[in-house]
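Residue 49 in the working numbering is what sits at position 48 of the sequence shown, and the numbering runs on without skipping anything.
Source of the hints: derived by calculation from the structure; they are not laboratory data.
There could be a bad hint or two in this list.
30 Å max Cα-Cα, derived BS3-like pairs, lysine-lysine [claimed, not checked]: (1) Lys9 <-> Lys35; (2) Lys38 <-> Lys54; (3) Lys35 <-> Lys54; (4) Lys39 <-> Lys9.
Okay, the calculated beta carbon distance ranges per label pair [what the hints assert, rightly or not]: (5) Ser55 <-> Glu10: 27 to 33 Å; (6) Glu49 <-> Thr21: 17 to 23 Å; (7) Arg56 <-> Met36: 26 to 32 Å; (8) Gln27 <-> Lys54: 17 to 23 Å; (9) Tyr34 <-> Lys54: 15 to 21 Å.
We treat Cβ as the ideally placed atom computed from N, Cα and C, and that holds for glycine.
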Amino acid sequence: MERYLSVKEAAPILGVAEDTLRGMLQAGIVPGYKMGKKLWRIRRDELEEYMAKSRNIPKEG
2 MERYLSVKEA APILGVAEDT LRGMLQAGIV PGYKMGKKLW RIRRDELEEY MAKSRNIPKE
62 G
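Could you put together the complete structure from these sequences and hints?
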């Protein structure tokens, strides 16, 4: 069964503020599903996949 996280649950996993995560969701940076006008849900497996890909991005400079 798929596990969905709220913004409140997912933000600390990513190490960002809830408002920052909402902005990332709205911009399509982090995969998520909008339910209604304000409510977001993030699939746990998609969040873990995003985090794995983010760690593999080389830093410039």
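Evaluated hints:
no.	hint	result
1	Lys9 <-> Lys35	holds (14 Å)
2	Lys38 <-> Lys54	holds (29 Å)
3	Lys35 <-> Lys54	holds (22 Å)
4	Lys39 <-> Lys9	holds (13 Å)
5	Ser55 <-> Glu10: 27 to 33 Å	violated (18 Å)
6	Glu49 <-> Thr21: 17 to 23 Å	holds (19 Å)
7	Arg56 <-> Met36: 26 to 32 Å	holds (28 Å)
8	Gln27 <-> Lys54: 17 to 23 Å	holds (19 Å)
9	Tyr34 <-> Lys54: 15 to 21 Å	holds (19 Å)
Of the numbered hints stated above, the single one contradicted by the structure is hint 5.
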